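When we follow this note's numbering, the leftmost residue of the sequence shown carries the number 1, and every step to the right adds one.
No wet-lab data here; the hints were simulated from the structure.
Don't take each hint at face value.
Pairs of lysine-lysine residues, derived as DSBU-like cross-links and limited to a Cα-Cα distance of at most 35 Å, are as follows [claimed, not checked]:
| hint | residue 1 | residue 2 |
| --- | --- | --- |
| 1 | K68 | K235 |
| 2 | K68 | K29 |
| 3 | K242 | K29 |
| 4 | K235 | K29 |
A quick note: this is a predicted structure, and the numbers were derived from the prediction, not measured.
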Amino acid sequence: MTAPSETRELPHFRSHVTKATAAREHSYKHKHAILLFYEENGKDDENEAEALSSCLQEFFGITATILKIARDDMTPAETLQHTINQTIDTTGPCGDDYERSLIIIAYIGEAVVDDGHVLFSTFTFQQAMFWDTIREALFTENERLSHIDALGLIDCCNVPETTVQTSRKCQVLAYPRSGSGVTLTRQLTDAARLLQQRGSAWTTVNSLFEEMQRHDSKPCNYASKMALHQISGDKPISLRFKQLW
Numbered sequence: 001m002t003a004p005s006e007t008r009e010l011p012h013f014r015s016h017v018t019k020a021t022a023a024r025e026h027s028y029k030h031k032h033a034i035l036l037f038y039e040e041n042g043k044d045d046e047n048e049a050e051a052l053s054s055c056l057q058e059f060f061g062i063t064a065t066i067l068k069i070a071r072d073d074m075t076p077a078e079t080l081q082h083t084i085n086q087t088i089d090t091t092g093p094c095g096d097d098y099e100r101s102l103i104i105i106a107y108i109g110e111a112v113v114d115d116g117h118v119l120f121s122t123f124t125f126q127q128a129m130f131w132d133t134i135r136e137a138l139f140t141e142n143e144r145l146s147h148i149d150a151l152g153l154i155d156c157c158n159v160p161e162t163t164v165q166t167s168r169k170c171q172v173l174a175y176p177r178s179g180s181g182v183t184l185t186r187q188l189t190d191a192a193r194l195l196q197q198r199g200s201a202w203t204t205v206n207s208l209f210e211e212m213q214r215h216d217s218k219p220c221n222y223a224s225k226m227a228l229h230q231i232s233g234d235k236p237i238s239l240r241f242k243q244l245w
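Use the sequences and the hints to build the structure in full.
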């Protein structure tokens, strides 16, 4: 009886499995973004939210919900919490550890520090919510969030560096406003386009941040610099470019 010959396809199979595993690591089953701003703060913030929505969809195929907090909304934190809950429900349960989803929360507007806590508010302070509302909803250890990685995009100056104990990937990119007219969306769009043109199928939030830093300039010496906070997890969030799927 002839012994079965050793397969010659094993190295090729292993290589295929390795590449497939790597591809899954840089993919998400669902990708959603919530773009938050106050109606009272004016049309510029709304235009910025629409531009950011287009950027996320064009480069990464991310579905965005633009959440405009109405002038007469007396409970903006509850409105945001409801939207976050709906978005989490949309992702549904995932089948295994590799089948993950991404939720991006972006705030465009003004912020102040109140007794050590960052407060996202309108110019008149008639409406406000604490950063803690977002942190507790998306950036904490919670069984309901176990399959979700979270990315915060904060288009204002005051964002705390918060650390939580969770195995999930959670990051916050804070871009301070300045008088230069250069916005987070413009910087992010330019960085994504440059990285995409280099031919890679995917990038990381860290790479986007580094590219944004290279082209960032502030007109005033006292202006804050943008910052990237690794809230939890030991790896950056990865994003696949849409047209290379």
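How the hints compare with the structure:
1. K68 - K235: Holds - the C-alpha atoms of K235 and K68 are around 32 Å apart, at most 35 Å.
2. K68 - K29: 26 Å, holds
3. K242 - K29: Holds, at about 14 Å.
4. K235 - K29: Holds, because 18 Å separates the two Cα atoms, which is no more than 35 Å.
Checked against the numbered hints listed earlier, the structure breaks none of them; every hint is satisfied.
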